[in-house]
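**Q** Letter by letter, the chains look like this.
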Amino acid sequence: MFRGERLVFRDVGFAVPAGGALLLRGPNGAGKSSLLRAVAGLTPLAAGRLLWNGENALDDLPTHAKRIAWLGHLDAVKLALSVGEHVADAAALAAVGLESFRDLPAKLLSAGQKRRLALARVIASKAPLWLLDEPTNGLDTRSIAMLGAVFARHMQGGGMIIASTHTPLELPEAGILNL
Amino acid sequence: MRRLLARELRLAWRHASDTAAALLFFVIAATLFPFALGPDARTLSAIAPGVVWVCALLAALLPLDRLFGADFEDGSLDLLLLSGLSAGGVAAMKTLAHWLTTGLPLLLIAAPLAVMLRMPAEAVPMLLLTLLPGTMLLSLLGTMAGAITLGARRSAVLMPLITLPLMIPVLIFGCAAVTSPHPEAPLLMLAAMLVLALPLAPLAGGAALRAAAE
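Order-wise, the sequence lines are chains S and B. With our numbering, letter number 12 in the first sequence gets 12, and the count goes up by one each step, no holes. With our numbering, letter number 136 in the second sequence gets 1136, and the count goes up by one each step, no holes.
A portion of the hints provided could be inaccurate.
[Unchecked claim] These stretches of chain B come out as covered by chain S in the derived footprint (C-beta under 8 Å, 3 or more residues):
id, stretch
1, 1008–1019
2, 1075–1084
[Claimed, not checked] Some residues of chain S that are not near chain B, with every Cβ distance over 12 Å (derived):
id, residue
3, THR43
4, HIS86
5, GLU99
6, GLY112
7, LEU131
8, LEU177
To be clear, the hints were calculated from the coordinates, so they are not data collected in a lab. Glycine residues also receive a C-beta, built at the ideal position from the N, C-alpha and C atoms.
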C-alpha cells in the first residue's frame, strides 16, 4: 500500500473472526492509520484483497461502508451542533457517560468529551465492524475503563473491532498485528 | 441522503452569518454600479441583466470554499464518504445544499435588485427564468471545483479560477435570453447545459472527493 509515492507496508495478512478483535501496533508512521483507512475503503490498496465473508469487500464501497463504524484520529464533531444532534441514541450516549450533556452545544465539550461523543456515534451506528484509530486519545483512565465494557458488549454480540493504539486497551483475547 | 441534507441545512442555519454574507455581497456589489455610473435610467437598464448575473455568480462563489473545507478539516469528510452514499451522491447532496442555501436566496433577491437597476418590469420574469438554471449550474460546477481544489494550498483562490471560466457559456446564454427578442434558443441552450452538468458534475466531484480523502 502506498501513501503518495511512499510504500507504507507490504505483505500484511490478518483475519478477524466474528466477535473478535485485532490490535494494530507499531511505531509512529508504521502505517496503522493507513491500514485502517484501507480496510474502510477510503484509501485504495496498491495490491492485495480485502475479503468479507469470502467476498471481495472493496468492490461495492457504499455497501461496505454500511458494515463499518469509523473513528478517525479527528473527532468529526461539529461545534455548532448539540450533543443530541450528533448522536440521537440515548443508550449510546449513556455508554460513554454523556447522557446529561444532550442539549449542550459541542463547542463547550472538552477534548476528551468530544472523543467520547465520537465513540458514541460508533456505538449508535450498530455496524458490525468498528475501525478505531487511537480510540483512547485524550481519554482519562475512567473513560478508558468504560470503553473496555463497551468493547466487550460489542464483541459479545458478534461484533468485530480493529483498533490502533499505543496505550494498553482492555481488549482481552485480541489478536495483535505488529506493523 | 435526506438525513445528510437536513444536517447540512441545520449547519447552514447555525452559521447564518456565513449564509447571509453571500446575499449581502450580492446586494452591495450590485448597488455599487448606480453609484459608479450615475442614475441615468437608460445606461442602468442596459447593463442591468449583466450586472445582476455577474454579481450573482461572484456572490455564489463565496460559500463554496467552506462547502467541503470544514468537513475536510474536522474529519467529517471521511464519515460522509462512509455514510453508505456513493461519493457522487455526497457531492450531489452538497450541491443541493449549496443551491438551497445560496442559489435560491440569490434568485429571490435578484428581482428587487433588477428593479433598482431600472430594468423594465416586463423583463424581470425572464431574468429570473434564466437565473434559475444559472444558479443551479453554478452550484453544480462550483461544488465540483470545490471538491477538486480540496486540500490544495490556496484553494480559495484556485476554486474561482476553475469555476468562473466554466460559467462563461452559461453567462453568455443567460444574458442573451434576457436581452434578445427571441429568448427560446438561449433558454434551450441553458437547459441543455443543465442536463449535461446534472449527472457529470457530481460524478467528477465524487471522484475528486475520493482522491482528497486518500
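**Q** Does each hint hold? Answer for all of them.
**A** Verification of the supplied hints:
1. With 4 residues having a beta carbon nearer than 8 Å to a beta carbon of chain S, the stretch 1008–1019 of chain B meets the requirement of three or more and the stated coverage holds.
2. With 8 residues having a beta carbon nearer than 8 Å to a beta carbon of chain S, the stretch 1075–1084 of chain B meets the requirement of three or more and the stated coverage holds.
3. Some Cβ of chain B comes within 12 Å of the Cβ of THR43/S; the nearest lies about 5 Å off, and the non-interface call is violated.
4. Not every C-beta of chain B lies more than 12 Å from that of HIS86/S, the closest at about 10 Å, which undercuts listing it as non-interface.
5. For GLU99/S, the shortest C-beta to C-beta distance to chain B comes to about 21 Å, beyond the 12 Å cut-off, and the non-interface label holds.
6. For GLY112/S, the condition that its CB be more than 12 Å from all CB atoms of chain B holds, with the nearest at approximately 16 Å.
7. Distance check on LEU131/S: its Cβ comes as close as 9 Å (rounded) to a Cβ of chain B, failing to clear the 12 Å threshold; non-interface status is violated.
8. Residue-level check passed: LEU177/S sits 22 Å from the nearest beta carbon of chain B, beyond 12 Å.
Violated hints, in rising order: 3, 4 and 7; the structure is consistent with all others.
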